[in-house]
Every structure is written in C-alpha cells, then in structure tokens.
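Trainee: Spelled out from the first residue to the last, the chains are:
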Amino acid sequence: MSKRVLMKGNEVIGQAAIEAGCKLFFGYPITPSTEIIEYLSKYLPKAGGTVLQAEDEIGAINMCYGAACTGTRVMTASSSPGMSLKQEGISYCAAAELPVVLVNVNRTGPGLGGLGPAQSDYFQSTKGGGHGDYRLIVLAPSKSQELYDMTLEAFDLAEKYRNPVLLLTDGFLGQMMEPVELKEKPASPEVDKSWIVDGAKGRKKRIIASYSLTNEIGEANNLRWEAKYKDIKEKEQRWEEFYAEDADYLIVSYGTTGRISKSVVLNARKKGIKLGLIRPISLWPFPEKAFIPYKDKVKGIVTVELNTGQMIEDVKLAVECKVPVHLYRRQGGMLPTEDEILANVEKVFNLASEEV
Amino acid sequence: MEKVFGRPKGLTEVPFSFCPGCTHGIIMRLIGEVLEELDIIEDTIGVSPVGCAGFSQDFFTCDFVGGPHGRAQAIGTGIKRALPDKIVFTYQGDGDIAGIGTQHAIHTAARGERITSIMVNNAIYGMTGGQMAPTTLAGMKTSTSPHGRDLVINGHPIDLPKTIATLDGAVYVASVSADSPKNIIQAKKAIKKAFQVQQAGLGFSFVSVLSTCPTNWGLSPQDSLQWLRDNMMPVYKLGELKVTEEVKNL
Ligand SMILES: Cc1ncc(C[n+]2csc(CCOP(=O)(O)OP(=O)(O)O)c2C)c(N)n1
Ligand code: SF4
Numbered sequence: 001m002s003k004r005v006l007m008k009g010n011e012v013i014g015q016a017a018i019e020a021g022c023k024l025f026f027g028y029p030i031t032p033s034t035e036i037i038e039y040l041s042k043y044l045p046k047a048g049g050t051v052l053q054a055e056d057e058i059g060a061i062n063m064c065y066g067a068a069c070t071g072t073r074v075m076t077a078s079s080s081p082g083m084s085l086k087q088e089g090i091s092y093c094a095a096a097e098l099p100v101v102l103v104n105v106n107r108t109g110p111g112l113g114g115l116g117p118a119q120s121d122y123f124q125s126t127k128g129g130g131h132g133d134y135r136l137i138v139l140a141p142s143k144s145q146e147l148y149d150m151t152l153e154a155f156d157l158a159e160k161y162r163n164p165v166l167l168l169t170d171g172f173l174g175q176m177m178e179p180v181e182l183k184e185k186p187a188s189p190e191v192d193k194s195w196i197v198d199g200a201k202g203r204k205k206r207i208i209a210s211y212s213l214t215n216e217i218g219e220a221n222n223l224r225w226e227a228k229y230k231d232i233k234e235k236e237q238r239w240e241e242f243y244a245e246d247a248d249y250l251i252v253s254y255g256t257t258g259r260i261s262k263s264v265v266l267n268a269r270k271k272g273i274k275l276g277l278i279r280p281i282s283l284w285p286f287p288e289k290a291f292i293p294y295k296d297k298v299k300g301i302v303t304v305e306l307n308t309g310q311m312i313e314d315v316k317l318a319v320e321c322k323v324p325v326h327l328y329r330r331q332g333g334m335l336p337t338e339d340e341i342l343a344n345v346e347k348v349f350n351l352a353s354e355e356v
Numbered sequence: 001m002e003k004v005f006g007r008p009k010g011l012t013e014v015p016f017s018f019c020p021g022c023t024h025g026i027i028m029r030l031i032g033e034v035l036e037e038l039d040i041i042e043d044t045i046g047v048s049p050v051g052c053a054g055f056s057q058d059f060f061t062c063d064f065v066g067g068p069h070g071r072a073q074a075i076g077t078g079i080k081r082a083l084p085d086k087i088v089f090t091y092q093g094d095g096d097i098a099g100i101g102t103q104h105a106i107h108t109a110a111r112g113e114r115i116t117s118i119m120v121n122n123a124i125y126g127m128t129g130g131q132m133a134p135t136t137l138a139g140m141k142t143s144t145s146p147h148g149r150d151l152v153i154n155g156h157p158i159d160l161p162k163t164i165a166t167l168d169g170a171v172y173v174a175s176v177s178a179d180s181p182k183n184i185i186q187a188k189k190a191i192k193k194a195f196q197v198q199q200a201g202l203g204f205s206f207v208s209v210l211s212t213c214p215t216n217w218g219l220s221p222q223d224s225l226q227w228l229r230d231n232m233m234p235v236y237k238l239g240e241l242k243v244t245e246e247v248k249n250l
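Line order of the protein sequences matches chains A and B.
Residue numbers are given in the working numbering: position 333 of the first sequence equals residue 333, and the series is strictly consecutive.
Residue numbers are given in the working numbering: position 5 of the second sequence equals residue 5, and the series is strictly consecutive.
Each hint should be verified, as a subset may be incorrect.
With a Cα cut of at most 25 Å, we get these calculated DSS-like pairs of lysine-lysine [stated by the list, open to error]:
(1) B:Lys248 x A:Lys201
(2) B:Lys192 x A:Lys205
(3) B:Lys188 x A:Lys205
(4) B:Lys192 x A:Lys201
Worth flagging that the hints you see were computed from the coordinates, not collected in a lab.
Construct the complete structure from the given sequences, taking the supplied hints into account.
Mentor: Here it is as structure tokens:
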C-alpha cells in the first residue's frame with residue numbers, strides 16, 4: 001500500500017532501500033549523507049536486515065563486495081571524500097560484475113570541502129572514478145519522489161546488468177523535506193543467480209575474482225565489459241524535456257540545478273524567450289539521444305552546473321559542437337538563483353534586445 | 001593396495017605453482033585436510049588476497065572470492081553477514097593483513113566477526129619480488145631495505161597475532177610454523193581448532209603461520225627452514241596466544 005509522507009531526502013533513500021529488499025547496509029558516517037545510515041540503523045533491522053558501521057569507507061565497500069557475491073541486496077552511502085576512498089573497491093565491484101547500489105550525496109571539494117550542494121563529482125561518477133576502464137550506471141534525482149523511485153529502480157538495474165549503480169544526489173536534496181509517495185515496489189524481475197557463491201553444494205566450485213592471468217584473457221574481459229556498457233548505453237538513457245520542443249535555446253542541467261532551471265524556463269517564457277530544458281536523469285549513460293532532434297535546430301545551449309564545467313563536455317559531444325554551448329556555474333556550495341541563471345542566458349545570447 | 005597418502009578433498013587437482021621450498025603449499029594442504037575432516041567443503045567460502053597467497057582461489061575445492069590487496073577480511077565480513085550459517089575463511093600474506101589491511105585485521109577481530117583468518121608470515125612481500133613487509137625483521141635485507149631494516153627509519157616489525165590477542169572479539173589466536181613435521185602437526189591442530197571455533201559461532205579465530213620465501217630470502221629451501229628457526233622464531237613466539245574459556249570447553 002502506498003502512502004504519502006513528509007520526509008528528509010536522505011531518509012527517503014533509506015526507506016526506499018528497505019522497500020527494495022536491501023538486506024545489508026555497510027557505511028561510515030559523513031555529512032551530508034549520515035541520515036541514510038542513521039535511518040537504516042533504526043529501521044533496517046525491523047525489516048530483517050543488518051546495518052554495520054564499518055571501520056572506514058574502504059571496509060564498507062569491500063563488505064558490500066563480499067555480500068554482493070552471495071546475491072544479497074546490499075547498499076552503501078557516503079559523500080565525496082568517502083566516495084574517493086571507496087574507488088578501488090568500486091573498480092573491483094565493476095570488474096567482478098557485482099550488483100552493488102551506491103549513493104553519493106555530493107558535497108564540495110577538492111579536499112575536505114564543505115557541506116553545501118555540489119556536482120563536482122560528475123567526472124568521478126560518470127567516467128569510472130577508480131582505476132581501469134569501467135562504467136557505473138549513474139542516476140541523478142532532482143526531487144524527493146525521484147530519490148525514492150530511483151533507489152527502488154537502482155537495485156533492479158544493478159541486478160539486471162550485474163553492475164554497480166550509483167545514485168548521485170547532493171546535500172540540498174538530502175536535507176530537503178518534501179512530500180513523497182512511498183509506493184510499494186513492484187515485483188522484481190527474475191534474475192540469474194547462477195554465478196553467486198554460497199557454498200559448492202552439489203555443484204562445481206565458483207570463483208569470483210578479477211585477476212587476468214594473461215593479456216589475452218585481460219582483453220577478452222575488457223571486450224565483454226565493453227559490450228555490456230554498449231548495451232546499457234543503448235537501453236538506459238533517461239532524461240526529461242521541459243518546453244524543449246519549440247525552444248530556440250536550451251538549458252541542460254541535472255539534479256538540484258535541473259530543478260531550479262525549470263523555474264528559469266517558465267520565467268523566460270513569460271518574457272517571450274523561447275527557452276527549454278533538457279534534464280539528464282541518467283548521467284551515465286549520458287542521454288545523447290535527447291539531443292538528436294535539437295542539435296540542428298537550437299541556437300544555443302547553456303549548461304548550469306555546480307562545478308567548474310564537467311557535464312558540459314558530454315553536452316558538446318552530444319551536439320557534435322554544432323551548437324554553441326556555454327556554462328553557467330556556481331561552486332563551493334553556492335546555489336544559483338533563478339534570476340541569475342536567466343540573466344546569464346540573456347547575456348551570452350544577447351537576448352535582452354529581443355525582448356518584446 | 002590402500003592409498004595412504006593423497007590429495008585431501010579440500011584441494012583441487014591444480015598443481016601448486018609456488019617456488020621450490022616455499023611453505024605456502026604446506027599450509028594450504030593443512031587447510032584442505034581440515035576442510036575435509038570437518039566435512040565443510042560444501043559449506044565454506046574462502047577469500048583470497050593479492051600476493052602469492054592469492055593463488056589460493058584456484059587450489060581449494062570450496063567457493064572462493066578474490067578482492068583487492070588487504071581487503072579479504074572486509075569481504076569475508078560481507079559474506080558472513082549475508083550467509084551467517086556458512087563457514088568463511090581468509091588466507092592472507094603478512095603484507096596483506098598486517099600492512100595495507102591492518103584496519104580490517106583490528107576491526108574484524110574487535111567485532112568478533114565469526115570468520116577465520118590464516119596469515120602466512122614470511123617476513124617479506126613475496127609476489128612483488130621481496131620488498132620490506134611490516135613483519136620484516138630488524139636488520140633484515142630486502143629490496144627496499146637493502147642495508148637491512150633500520151629501526152630508526154622503518155620502525156619495528158609487527159607481531160600481529162600478539163596484537164589481535166588483546167582484542168575481546170578474538171577468542172582463539174595461535175602462532176604456529178610450517179618448518180618441521182612437529183610444528184606442522186601443531187599448525188594443523190591450530191587451524192582445525194580455528195575452524196571449529198567458527199562452527200561453534202564463538203567469535204573471531206586467527207592463526208598466524210611462519211612460512212618461508214626462499215626466492216626472496218636468497219636462500220636454498222633447506223637453509224630457509226633453518227633461517228626461519230634461527231631468526232623468526234625468537235621474534236614471533238609460537239604457541240596458542242589466546243584460548244578463551246568457551247574455546248577450551250569446545
Ligand atoms: C593497492 C595495491 N597496492 C599494491 C599492490 C601490489 N602488491 C601485490 S601483492 C603485494 C605484497 C604481497 O605480500 P604479502 O601480503 O606478504 O604476500 P606474499 O606474496 O608474500 O604471499 C603488493 C605490495 C596491489 N596489488 N594493490
Ligand atoms: S615468491 Fe616467495 S612466497 Fe611467493 S611462491 Fe615464491 S617462495 Fe613462495
């Protein structure tokens with residue numbers, strides 16, 4: 001039965017994990033993600049699961065690795081510096097093809113940074129992050145309902161593709177209180193569990209590991225992973241369009257700034273500026289398909305980001321540099337206002353004179 | 001004719017790939033025998049590290065998981081928490097467990113994680129070609145301590161079982177050696193006890209085994225065994241370092 005509640009964003013993630021059948025959570029506290037481990041510490045045991053506060057993030061991700069090897073639904077959550085520590089383990093999870101769900105409540109950086117919202121981990125999240133050539137499926141919610149829905153879906157996606165899935169949010173979404181409908185999770189599709197380790201009873205032993213004894217085996221592995229990533233790229237691109245169809249100009253923005261940009265579009269329309277929005281929902285695979293109808297049509301694009309300009313590189317590739325792409329960014333935990341974004345769009349495209 | 005000596009069922013047919021005189025193979029054989037004798041091969045999941053010890057994943061007939069250097073105990077924790085009724089053990093080199101993975105060694109023991117860890121102490125980094133390990137003895141020459149381990153520069157060797165024995169969650173801790181028939185029998189007893197402790201769900205069990213690395217020590221297999229006795233045994237004292245009352249009553 002679904003019910004409507006008012007909850008903090010981070011708690012919504014915790015509740016969705018329970019609903020998704022997550023049985024183990026391994027984590028280490030770090031603001032602004034801590035409410036996730038706190039919420040689960042309180043409620044996961046009631047749902048028959050366990051929360052273990054690990055010695056550090058390295059411990060936590062490797063515990064996830066072990067649990068995922070048994071086919072158990074498992075999750076870890078952290079925030080930027082903690083995600084840096086997890087990277088080696090995430091690379092091993094990708095190589096061993098383990099369905100682990102990861103949450104990064106992005107705070108500012110580099111270094112210790114601050115607690116404010118940021119999108120500075122876009123590169124780390126979408127280009128691999130750790131060593132080796134691998135990809136995570138990266139989902140970017142922009143409101144509490146999406147935190148819930150995407151957490152639910154993350155577990156299914158991770159199992160479907162046997163790949164780690166990362167939910168990339170930020171301190172603003174994590175701390176925000178918003179009404180959410182706690183929907184019941186539809187039954188998960190049956191997945192193949194013929195690879196898990198649970199004791200070699202009546203079958204041959206299994207090994208889950210990623211060492212390639214020869215370069216030939218190494219290349220064969222890389223090709224196999226590459227084929228999987230191609231498949232995901234084909235099937236899992238997600239985005240939202242908002243007033244894009246007839247737009248002369250587009251904002252491209254995800255997460256918190258994607259949400260703010262919706263109001264910017266409405267304000268622009270009131271002024272007679274044909275502005276639209278493409279909000280990437282899957283950051284990897286990046287929704288290149290969203291740009292196909294627009295790359296020969298729109299006059300310009302502005303990406304709005306909370307970093308020095310990271311997603312802009314993927315946008316430029318998606319439009320094959322056929323459209324001028326500009327960046328408007330705030331950093332260090334600062335959020336842009338609607339007015340300041342619109343003023344920037346007007347400035348870079350000389351729109352002030354076009355006003356009616 | 002009755003076969004009196006063969007491969008234990010706990011080991012696969014894959015031939016050991018260790019250097020001549022390396023005692024890794026002896027230790028793995030002991031574990032293989034214990035898995036068979038306790039009839040737990042089908043209930044056991046082993047975790048291998050990175051290092052020469054990492055080849056263990058191919059040599060045992062039970063399921064195995066291999067992860068990053070130093071993280072076997074964290075992985076073992078994840079497996080055991082998911083499958084509390086299964087037997088989980090880690091097989092790790094001294095560099096793996098007492099160097100890069102020290103935090104897990106301490107916390108796995110402190111939590112009383114119901115798993116068994118076997119540490120193979122050869123006082124050196126074997127696989128990477130003989131660099132200094134946390135267990136390298138004072139004055140011992142390695143490729144990264146070419147003039148001998150200088151305690152002022154590199155600090156003192158770590159006697160990990162001694163440290164682990166101080167933690168409440170560790171209920172059975174033993175330090176044994178694979179150098180002689182007598183010590184190998186002791187080693188097997190300790191390994192067996194460690195697995196029985198886990199079967200009984202009493203807490204964390206830990207066995208450290210002194211082992212040779214003739215290749216990186218630059219000694220013959222025979223001289224390696226004597227070197228181990230002369231140099232390692234005085235520093236890493238053998239014996240059962242911790243046996244709680246519950247374990248005694250097993
Ligand atoms: C993060 C990381 N750092 C370094 C290495 C390289 N490395 C592989 S094995 C090893 C040392 C192994 O020594 P030990 O644990 O004593 O095992 P042995 O080979 O002697 O059995 C090192 C440093 C690695 N694989 N991963
Ligand atoms: S390098 Fe040393 S530890 Fe590794 S197999 Fe050879 S002798 Fe054994």
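Trainee: Are the hints correct? Go through all of them and say.
Mentor: Right, here's what the structure says about each hint:
For a cut-off of 25 Å, the pair hint linking lysine 248 (chain B) to lysine 201 (chain A) is broken: about 31 Å separates their Cα positions. Taking the CA atoms of lysine 192 (chain B) and lysine 205 (chain A), the gap is near 22 Å; set against the 25 Å cutoff, the hint holds. The hinted pair formed by lysine 188 (chain B) and lysine 205 (chain A) meets the criterion: a straight-line CA distance of about 24 Å does not exceed 25 Å. Between lysine 192 (chain B) and lysine 201 (chain A) the CA atoms are separated by roughly 21 Å; this keeps the pair inside 25 Å, and the hint holds.
In summary, the one numbered hint that this structure violates is 1.
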